[in-house]
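Start from the sequences, fold in the hints, and give me the full structure.
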Amino acid sequence: MGSTELILCAVTVAALDICALVLLICAYTDKSANKKYWRHFTGDMELAEQGRAYPLGCDEVIIGRHASADIRIPDLSVSRYHALMTINGGAWTITDIGSKSGVYINGNLVKEAILRENDVINIGSHRMVFRKRRDKKNV
Amino acid sequence: MYNPLSYVSSCLFVLIAHAAMLANVFINGNYNSIADPAIIAGAVLLLDVAYFTALLFFKQTSYTIDFLLVLVLNMSVIFQSCFGQVKFDSDAIKHYITAVTALIACRVGFIACRNYKSLQNKRKFIYIAIGICIVLILTLTGSRSMWIQLGPISLQPSEFIKPLFILACATSVAEQQKKHKLLLFNVVYENIALFGLMAVICLLQWWCADLGSLPTFMAIYIAGFLLRICYPKAKLSKKTYISAAAALLVIAVIAFKFAPAYVQERLHADIWSDTNGSGYQQSQALIAIADGGWTGKGPGNGFLCNVAAHENDIVFATVCEEWGLLYALMMIFVILIMLAVPLINPPRSYYHATMSAGVCAAFTVQMALNIFGSCNMIPFTGVTIPFISAGGSSMMVSGFMIGMLAAAQSPVLDNTGGQPAAAPKPPANRPNKRPVRRKAV
Amino acid sequence: MKSIRRCQHIMSLFLVLFIAGMVTLVVKIQRESAFYMMNSDKHVLGMVYDRNGDVLFDGSLKEGDTSKYEDNYFIDVGNLIGDDKGQMTNTLVAKNIEKLNNYSFSEGVVNEGGKAAIYTTLDHKANRTVYNAFAGNDGCAVAYNYKTGEILVCTSLPSLDVTKGYSELKSFREGTLMSKNMSGTVPGSTQKVSTVISALEIMGPERLLSKTFSCSGKYTNKSGKVIDCHELYGHGDLTLQQAVEKSCNPYFAQLVEDPDLDFEELKKMYTKLGYSVNGAEPEYIDIDGIECQKASTNLTDPYDFQTQWGCMGQGDTLVSPIQLMMWQSAVANGTGKMTMPHLIKEVTNVKGKITETASTSYSNALFSEKTADSMKQILLTNGANNYTYLIRNHTVGVKSGTAQVQNGQKENSLLVGFVTDPELPVAFCVVVEDRNNTYLTAEYITQVMLDALTPQAN
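Protein chains in written order, with the numbering used here: chain A, 336 to 474; chain B, 5 to 445; chain C, 300 to 757.
Since the hints were derived computationally from the structure, they do not count as laboratory data. Note that beta-carbon positions come from the ideal geometry of N, C-alpha and C, so glycine has one too. Do not take every clue at face value.
[As the list claims (entries may be wrong)] If we take Cβ atoms under 7 Å as the criterion, some of the chain C residues that face chain A in the derived model are: (1) K301; (2) I303; (3) V322.
In structure tokens form, the structure reads like this:
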């Protein structure tokens, strides 16, 4: 193996490495673009409880007591899988998925409902507000 | 909407990577006339540019996977045209055409899978399509084999089941909440249907005496299964997981014990005691890797091209010999990056995420079977490395599956044509108010 | 969100498993690539040296090239070191051929100036001297340093010069292509060492040493068979020391029959020593890859003629000379632990870097230190009383033996023992075949071997 061949081999590998690296960086930049698009599409909403807020990061968000629930409320008044929030055509819908205590929107018990901004959701003994996401600074 | 800077830099660096490879071919390669590498260079760069241009017609939030795909595919074109001698011969042309097919398949997969909501509603058709594939295998293939001969082209319908099976395994959270009571258990009917499908596929593979792609289906199913049992009605203990794993282990042991003779033979083969018989390919492959070393012998200088299946079953060794182990590892690394993109940039829907997991499972298991099999770490099976091995069906299907990954990266969210979310309105009397069923606790 | 993250975890699991597999693969290829290359037709072998840098095998030698080394230069180690031709499979080169390969994964095959080599512990000069001392008689001799385990002399006749190739293969005498040190042979009275060790271990030295048995030249055992003594008129009353020195068969027959020597314990003790008793799966001693047989015998009943005969080293008993020598090391060490022999001192790779260095290892304790001390004393007394004039200038503990082979047509003469000199801590075993047709004695070979190994002699 001559030295020129060795250098060329190294160059080939390096070129591939750099290319892979650039594409990885692109994937990272895409991440923020993707987030932006998601927020734009979903109206940038969140579920806010006293003292904390839950982001809505994917199209199906489970609210419940179970450890695998996306929004976990460790409270016995909440069922393991209590409600499911889904996005459809840019609008969030909340569905009761067999909870014991039911889902109340603005005081009304519902099986399924389309959420609007500033709707108050009662799940078990917890009260949440469906609202525009606020930055930490504004809270 | 897409960052033009990252588009241009991606194009540029993919071209640079290919150019470096082609320079390597020019200087280290074994060719008769300068025209041979020049034709390859032309073909590769043309395909690059054509695909870059084609991408502009697709509105995507992320193009990373597409760039990685074209990077890998053209690497593979260069590899395949260099085996034995640098020449754009008929095999290389065939591979080039399949590469183009793979790119088209990727676009098709992308368009087909972008809209997960509509795809979810078409689950029935996916099952039907798999059924058709199975019927095709049972009726059209020659005596118990996996191949359909259509004039000059031979197709492998079992390959086409793979993406369909991934789609069948993909699920949404809502779907998993639709439970029914069957005897004492809460079950999702669809999970039972899927289990049945898996069983049918297993039986089919058995019947065809081709267990090579069975692990791939198993991996897809396991990924799908694990992601389905996450939402049980009752609390899911670790005991359930352990017993499931134990059951799988028992099944595997039984399967090994009662496996047909030709499988048994492969499980207990000592390749070095029979280097001219059944261990020929593997022993030659290992010798080739050892001979190639870290940096390889140069494109076109290998001897492994004289061994049968050098372009698909033992392609990893062939690449190692000519380009060196380091470069072969990099090639695998690029494919892994492609699979790891959903880790960096998570899909936004559970359906797309489970689909990506299925693709990832299928690809890794297939690569593992091929590479570790040809290097005598596990039994040798005739599966292909996606994109690197020659083979039309495999290339097309792999392209389609990568299209599925890309679709998960740039999904159609706005699937009803509606406006972005709820405009701020004061809470009014709700029209969709339901009657009170139960009192709150 | 959690659900998506779960998918990502599954994906990472697959990717991590795959990457782990790839890492294993790369490590495996790194470690085994030399072996892979040995299976191809492209390889350049390096050298095997003795402890003083003398060549024992030259991988660069072309077949039939006799100009580089003098005639029969390698004949004394021909069937131990062997070559790469594949005629002999249980040799040092055949078993360690990938270590001799002038190849490394990063350098590829090095055609010129590769430094892959095996440095053995053998002393080629002493080995040749011993080989020549046999003067064409068949037999074998092996000696090793019982403190370090280095095999110093290991030769077996008939042997072959590997540089001459195998065109004369048909005219080779039986046993040419193997080192007799590695395969079982009838041990004759040297077997009595094992029997005495077992008896000492089971009964304890005090009890055994106080026992006497009487020999009248013939002994009719309890099953009615007659065991002859080589002394026609018998030895009279014998203590253990006298019985070992005279190698009296009736004494040992009575010892085996003695109710104090529990027969089950005896079988256990034999198994512990390494015998495969009554057809048990035989085991092998691994000497740098070379398979060396241990020992085997049949023990059915303490009153049975064959069993008694077996405990005296005749009949069904087979022991390899190396095993006999290793028992001597356990006695000479005084610990009851055998020093495991090795042939390879160092291995260098293609760049001359040392990749392997031998270290001394010991077996499990076969018997107690007390037994070892008593046995050592018995053998040393035997050496002092009977061998002072046969093996001069060395303080040795020895046991001789005469083995009847081929249904008594031929008799082999054996001598096992050890030297107590701290300058020369050597245990040995010498076999001279067909002793009735030669003036050669095992004692003479031992004398030559020990003289050649004495540091001043070098």
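ask   = Which numbered hints turn out to be false for this structure?
value = Hint 3 is the one this structure does not satisfy, whereas the remaining hints hold.
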